[in-house]
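Novice: Residue numbers (the working numbering), protein chains in the order written: chain L, 42 to 435; chain Z, 42 to 435.
These are computed hints drawn from the structure, not numbers from a lab.
A hint or two may mislead.
For chains that are exact copies, the list does not tell them apart, and a pair is met inside one copy or across any two.
[Stated by the list, open to error] In the DSSO-like style, the derived pairs of lysine-lysine whose C-alpha atoms are separated by at most 30 Å in a straight line are:
id: 1; residue 1: Lys178; residue 2: Lys205
id: 2; residue 1: Lys119; residue 2: Lys44
id: 3; residue 1: Lys349; residue 2: Lys403
id: 4; residue 1: Lys321; residue 2: Lys85
id: 5; residue 1: Lys330; residue 2: Lys225
id: 6; residue 1: Lys44; residue 2: Lys178
Spelled out from the first residue to the last, the chains are:
Protein chains: 2
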Amino acid sequence: MIKFSDRVSDLHPSAIRESFKALSRPGIISFAGGMPAPETYPNKQLAEIASDMLIQSPVIALQYGITEGYAPLIEQTKRRLAAYGIKGDGNSLIITSGGQQAIELTVKALINEGDGIVCENPSFIGALNAFRSYNAKLYPVSMEHDGMNIDELENVLAGNSGIKLIYTIPTFQNPTGITMPLEKRKKMLEVAKKYNVFILEDNPYWELRFAGEGVPAIKSMDNENRVIYAGSYSKTISPGLRVGFLYADNELAEKAVVCKQVSDVHTPVLSQMLISEYIKRHDFDEQIKKSAKLNGEKCAFMQSCIDKYFPKSVMRTSPEGGLFLWCDLGEGVDSKEFAAKCLERNVAIVSGASAMPDISQKTGAFRLNFSMASGGSIEEGIKTISEVIKEYGR
Amino acid sequence: MIKFSDRVSDLHPSAIRESFKALSRPGIISFAGGMPAPETYPNKQLAEIASDMLIQSPVIALQYGITEGYAPLIEQTKRRLAAYGIKGDGNSLIITSGGQQAIELTVKALINEGDGIVCENPSFIGALNAFRSYNAKLYPVSMEHDGMNIDELENVLAGNSGIKLIYTIPTFQNPTGITMPLEKRKKMLEVAKKYNVFILEDNPYWELRFAGEGVPAIKSMDNENRVIYAGSYSKTISPGLRVGFLYADNELAEKAVVCKQVSDVHTPVLSQMLISEYIKRHDFDEQIKKSAKLNGEKCAFMQSCIDKYFPKSVMRTSPEGGLFLWCDLGEGVDSKEFAAKCLERNVAIVSGASAMPDISQKTGAFRLNFSMASGGSIEEGIKTISEVIKEYGR
Numbered sequence: 042m043i044k045f046s047d048r049v050s051d052l053h054p055s056a057i058r059e060s061f062k063a064l065s066r067p068g069i070i071s072f073a074g075g076m077p078a079p080e081t082y083p084n085k086q087l088a089e090i091a092s093d094m095l096i097q098s099p100v101i102a103l104q105y106g107i108t109e110g111y112a113p114l115i116e117q118t119k120r121r122l123a124a125y126g127i128k129g130d131g132n133s134l135i136i137t138s139g140g141q142q143a144i145e146l147t148v149k150a151l152i153n154e155g156d157g158i159v160c161e162n163p164s165f166i167g168a169l170n171a172f173r174s175y176n177a178k179l180y181p182v183s184m185e186h187d188g189m190n191i192d193e194l195e196n197v198l199a200g201n202s203g204i205k206l207i208y209t210i211p212t213f214q215n216p217t218g219i220t221m222p223l224e225k226r227k228k229m230l231e232v233a234k235k236y237n238v239f240i241l242e243d244n245p246y247w248e249l250r251f252a253g254e255g256v257p258a259i260k261s262m263d264n265e266n267r268v269i270y271a272g273s274y275s276k277t278i279s280p281g282l283r284v285g286f287l288y289a290d291n292e293l294a295e296k297a298v299v300c301k302q303v304s305d306v307h308t309p310v311l312s313q314m315l316i317s318e319y320i321k322r323h324d325f326d327e328q329i330k331k332s333a334k335l336n337g338e339k340c341a342f343m344q345s346c347i348d349k350y351f352p353k354s355v356m357r358t359s360p361e362g363g364l365f366l367w368c369d370l371g372e373g374v375d376s377k378e379f380a381a382k383c384l385e386r387n388v389a390i391v392s393g394a395s396a397m398p399d400i401s402q403k404t405g406a407f408r409l410n411f412s413m414a415s416g417g418s419i420e421e422g423i424k425t426i427s428e429v430i431k432e433y434g435r
Numbered sequence: 042m043i044k045f046s047d048r049v050s051d052l053h054p055s056a057i058r059e060s061f062k063a064l065s066r067p068g069i070i071s072f073a074g075g076m077p078a079p080e081t082y083p084n085k086q087l088a089e090i091a092s093d094m095l096i097q098s099p100v101i102a103l104q105y106g107i108t109e110g111y112a113p114l115i116e117q118t119k120r121r122l123a124a125y126g127i128k129g130d131g132n133s134l135i136i137t138s139g140g141q142q143a144i145e146l147t148v149k150a151l152i153n154e155g156d157g158i159v160c161e162n163p164s165f166i167g168a169l170n171a172f173r174s175y176n177a178k179l180y181p182v183s184m185e186h187d188g189m190n191i192d193e194l195e196n197v198l199a200g201n202s203g204i205k206l207i208y209t210i211p212t213f214q215n216p217t218g219i220t221m222p223l224e225k226r227k228k229m230l231e232v233a234k235k236y237n238v239f240i241l242e243d244n245p246y247w248e249l250r251f252a253g254e255g256v257p258a259i260k261s262m263d264n265e266n267r268v269i270y271a272g273s274y275s276k277t278i279s280p281g282l283r284v285g286f287l288y289a290d291n292e293l294a295e296k297a298v299v300c301k302q303v304s305d306v307h308t309p310v311l312s313q314m315l316i317s318e319y320i321k322r323h324d325f326d327e328q329i330k331k332s333a334k335l336n337g338e339k340c341a342f343m344q345s346c347i348d349k350y351f352p353k354s355v356m357r358t359s360p361e362g363g364l365f366l367w368c369d370l371g372e373g374v375d376s377k378e379f380a381a382k383c384l385e386r387n388v389a390i391v392s393g394a395s396a397m398p399d400i401s402q403k404t405g406a407f408r409l410n411f412s413m414a415s416g417g418s419i420e421e422g423i424k425t426i427s428e429v430i431k432e433y434g435r
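Using the sequences and the hints, build the whole thing.
Specialist: Put into structure tokens, the structure is as follows:
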């Protein structure tokens, strides 16, 4: 028995990552992953770019790169964010190995063991586990139909010392699919200012809107560099390339660079070049629009199947974008057991339990990804889940 | 002023990584980096593979992969290590984002703040900073002409509690280029056993031997999974792809996987496929041999230039492989100032100060990389350094 460090001794593999291994089972229908539809990957264009880069710029592509990231991609990313109202005064953008690393670097740089982080309840397990891996204390705040309950947030901040960070996924939240409206975003920023805490705005899905009106990022309203912005190309080009970014106060970004140096030195240059050249050579906005439209069609179809097969008592969210929706069977159902029963019938879902900041919290909720499966599989999978629901007498 | 976490508040950028930024200066001669010669990169072969993979296996290449790594590459790596006597019983191999990440995951999983790590003095700054970033306590042990002083190691272990790990680069050490002979490796393993500490064997250079006889890895003599082995494809195929590996006790490797999930989810699949297919399609051993031969020629030439231009009082090592040699001007020279003076004259070297586990330790030593520069540049650069040495009255 190895004695592990205190920070990770209780840390367990992400249920989502682990369920990923089951996905190679023949005939499995997966609503578990968080990836864009494979048919949207611009693989032919990327093949051409990869070949060009390795032939024309082999030393840049294969040599060590600087930790901050590939300069053209940094500039392109800043320009894209500026077009959405996110200005960079006093901020630096660094390229990270996926959005996940932007989260980890933030925690490593800011959080001492025992420091507090406010999280949406439920929230993204990858971030929750990153927080846990530095022994942060998690303060869950309820999600309402329109995002984090701001009154509850204020109570938590007023009643507890040592909180340094509010973690939020304001747009098409993982796992619920919920989007926080503008007024609530403003209030969150005000509250953060009042209690002098940072906001980590994790926004990997926001460009994948298929319904409703766009809402400005919290970062776009931030005039004192209080918002740390994590973004990603995983949901718009490819998750496998592992390219994300962190946009934050110069001083914080500089410290994140030092942390990244000891973590992986830099994000693979070829991955960064692929994204950069893709954006340069092709119509990235059109690609995102197509991808979002496809997701929207799949989401609408999944919702219609849910409404057809699930009992009316099952709550579901109505996302306007992103990759996920959230169902809740209510009390008396153990979501882990429920997910296991679905997997026995070859349908993979993510149990709500894995999204709870407080791991002892009971829940009958689960997350469904709607971007990956095809139409026929969506209906078959939802029907199968409905049969498992019946076993619970719902 | 942001209040950073205690673990990173005193952490500064790696001098090596920072000096990397100066390398774009026109006319600069760099002996600073730690990369293989660009002319050895198999870029054309990699271009073909990249295109093939993205066309033939787009979903594998661009989708999320499993955290442990791309299965074919794991098997290939294990086979290569087995051929060198490193058997895998009770061990698991995971792919990491460069060898650097193998080091960081080990520390994160094992070391509490204040736990001790024994390091060679001098040692690799990337590892030292990774240790510092978790507030480990560093115990430097002197380097002799044939590696770590084992008597001193035993004294340190006997005299201090809370030490969990010995960190060593036994072959073509960074920064000295020194290789530890078999007998000393055996003794280190015995001492580690006696005091019940782990050994982290960092071995990224060992295949790049151009003189002398191969020495077995410490891991190959380890019958109780005490040795954690970190390896890399950075020095044999390409550093920019960021592909390394960790080979360790099953239980430790499993915890490292959990840590990797929160860090970057997985190493980019395309990077892993490029390495895997390159090994499958081409004669990797021949490629390594060619690369080592070229390094050997450059090293010999650099040594002849040193012997021609430097005063006899300057100590230098005689590496049998790897990428670095180490020079020492002795007392009374501040290596940081010396490196800065060289950089003023457009020659980049790495100051010995950055390789000291104890940052307050004075040194007149510096590291020279011999793989990157061309012959003419090597002579010109060494001559320029010799002029700076003269300024110190040597």
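Novice: Each hint should be assessed against the structure and marked as holding or not.
Specialist: Here is what the structure says about each hint:
no., hint, in the structure
1, Lys178 - Lys205, "both (10 Å within a copy, 27 Å between copies)"
2, Lys119 - Lys44, "between (44 Å within a copy, 26 Å between copies)"
3, Lys349 - Lys403, "within (27 Å within a copy, 75 Å between copies)"
4, Lys321 - Lys85, "both (15 Å within a copy, 23 Å between copies)"
5, Lys330 - Lys225, "within (26 Å within a copy, 62 Å between copies)"
6, Lys44 - Lys178, "both (22 Å within a copy, 18 Å between copies)"
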